[in-house]
Amino acid sequence: MLKSMLKPVLLSAALISGSAMAANYDIDGAHTTILFKINHMGFSETVGRFNSFSGNYQYDANKPQSAQVAITIDADSLDTNHEARDKHVKSPDFLDTKQYPEISFKSTAFNGNADKGVLTGDLTMHGVTKQVDLNVVKIGEGKDPWGGYRSGFNGTITLKRADFGIDQMLGGIGNDVKIELFIEGIRK
Amino acid sequence: MYGESVSPLAMLLPVVVYPLLAAVVLGLVLFQFEHKQLQKPAFWLATGLIWLAWITAAQGIHTRWQLPPRQALDWLLIASLVPVLATRLPKEYRMSGFGVASMLSFALVAQPLLGRMSTIEIFTQVVGWLLFCGMAISASDRQQSAFRFPVSQIVMIVTSAVVIGISSSLNTAQMTGSLAVVLGVIWLLNRIVALSAQSILAVTQATMALWLFILAYAFYYADVSIYALMLLALPLLIKWTDNPGDTWWKKIATTVAISLLPGVLAIWWVWPEQSLY
Chain L
1 MLKSMLKPVL
11 LSAALISGSA
21 MAANYDIDGA
31 HTTILFKINH
41 MGFSETVGRF
51 NSFSGNYQYD
61 ANKPQSAQVA
71 ITIDADSLDT
81 NHEARDKHVK
91 SPDFLDTKQY
101 PEISFKSTAF
111 NGNADKGVLT
121 GDLTMHGVTK
131 QVDLNVVKIG
141 EGKDPWGGYR
151 SGFNGTITLK
161 RADFGIDQML
171 GGIGNDVKIE
181 LFIEGIRK
Chain R
1 MYGESVSPLA
11 MLLPVVVYPL
21 LAAVVLGLVL
31 FQFEHKQLQK
41 PAFWLATGLI
51 WLAWITAAQG
61 IHTRWQLPPR
71 QALDWLLIAS
81 LVPVLATRLP
91 KEYRMSGFGV
101 ASMLSFALVA
111 QPLLGRMSTI
121 EIFTQVVGWL
131 LFCGMAISAS
141 DRQQSAFRFP
151 VSQIVMIVTS
161 AVVIGISSSL
171 NTAQMTGSLA
181 VVLGVIWLLN
191 RIVALSAQSI
201 LAVTQATMAL
211 WLFILAYAFY
221 YADVSIYALM
231 LLALPLLIKW
241 TDNPGDTWWK
251 KIATTVAISL
261 LPGVLAIWWV
271 WPEQSLY
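Those protein sequences? They're chains L and R, same order as listed. Start counting the first sequence at 1; every next residue gets the next number (my numbering). Start counting the second sequence at 1; every next residue gets the next number (my numbering).
These are computed hints drawn from the structure, not numbers from a lab. Incorrect hints may have been included.
[Claimed, not checked] In silico negatives: residues of chain R with every beta carbon more than 10 Å from chain L:
1) Leu113
2) Gln125
3) Ser169
[Unchecked claim] A partial selection of chain R residues facing chain L, derived with a Cβ cut-off under 10 Å:
4) Gln59
5) Gly60
6) Thr63
7) Arg64
8) Leu67
Glycine included, each C-beta is placed from N, C-alpha and C at the ideal position.
Please build the complete structure, drawing on both the sequences and the hints.
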């Protein structure tokens, strides 16, 4: 009798604790990197990153399909370790950061399991919004030494910059932009 | 992934060939109007010529130009006609009219930035804009030499294209450079078919108006140093006159040397510490 009464109570408690795990995470800028690589004249790949961004995500290991991600990148924080090139990439020739100061991504769906999958969402860059698919792999999650709770993911995607109206110098600079995200979030 | 290389001809077409051909055709039309004493069409074509010839270059450089305008660069191509036409205002209103017309038309180009500016910032920009335009138009109204004023203007435009290219945007530099091609062609054409001095001065003044508009775009959107741009515009304050005893090459040499000096200083100002690429 007692056992039969306890069962739904325990199940409810487990569900509540499960939904509590489907918490919101703030992206930890200190442990998150947004990199991009682009071909240079067929000789090499030039690597750059964005130094300023913010965002959050919702993640539940039991219900990965409900995952949601929103990231906003300060386009002017682009850094390719070469000041003159950075100024050029930020100019109207490429990202036009004075006119389009933000790059944003908002997820719309997730297909996969708790460890990896494809996150679909709307990427807005250079004033153009396109649906993109981001390949995501979970790295880990758990309590940190300071009493907080963290989770981390890596993501990769290859975009065609011309699709976003960034079509200058396609002869010398590749059209494919490989983006790699290394994200760590702290549960709120 | 790695695209086909762009041929130099494809790059030269919009910057040199299109504006060159357009300027030759429009310059000859202007000559015909003058020849047939069609004063009014010649009066307007003298200024419109610069914009029309430049737009053939600009649309080849800004290949995603769309109407109605959506980007700042779309607006730049359209709105730049306003200050060009404002140079034809009657002299008694020209200084204030040109300043206000240029400012309001550039406000269309600067729409994305205006929302991020404080009231104080907008106020200081407006005051600066009116002062700068007023000085430029009144200085260009004083010009007397239809030979030296365009040469000085061409030198300023070419050096500004170099400054803008080094600073950040090659596209904006190309658009600036194409303006020098247009004025250069008209200046050369004048050596062959002899347009009136009045038309040449009007064409050069209109070029100045368009050039200032592009410089403003370079400052606001391509982050080109305002100090370098001010240096580049300094020769506008010089009143060019023709001394009867001067040979043509002496006039060219002195005009180029005087106009080039601030440009060289501006190039030095923006020269990057690192190698470019």
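> Does the claim that Leu113 of chain R lies outside the interface with chain L hold up, using a Cβ gap greater than 10 Å?
Replying inline: Answer for Leu113 of chain R: violated, closest chain L Cβ roughly 7 Å.
> Against chain L, with CB atoms and a cut of 10 Å, does the hint on Gln59 of chain R hold up?
Replying inline: 15 Å, violated
> Does the claim that Ser169 of chain R lies off the interface hold, with its Cβ farther than 10 Å from every Cβ of chain L?
Replying inline: About 4 Å separates Ser169 of chain R from the closest Cβ of chain L, which leaves it inside 10 Å; violated.
> Does the interface hint hold: is Arg64 of chain R within less than 10 Å of chain L, judged Cβ to Cβ?
Replying inline: At 6 Å from the nearest chain L Cβ, Arg64 of chain R passes the 10 Å test, so the hint holds.
> For the hint on Leu67 of chain R, does the least C-beta distance to chain L fall short of 10 Å?
Replying inline: 16 Å, violated
> How about Gly60 of chain R: closest beta carbon in chain L under 10 Å, or not?
Replying inline: With a minimum Cβ separation of about 13 Å from chain L (threshold 10 Å), the hint on Gly60 of chain R is violated.
> Does Thr63 of chain R pass the interface check with chain L, least Cβ-Cβ distance below 10 Å?
Replying inline: 8 Å, holds
>> For Gln125 of chain R, is the shortest CB-to-CB distance to chain L above 10 Å, so the non-interface label stands?
In response: 14 Å, holds
Violation of the numbered hints given earlier is confined to hints 1, 3, 4, 5 and 8; the remaining hints are satisfied by the structure.
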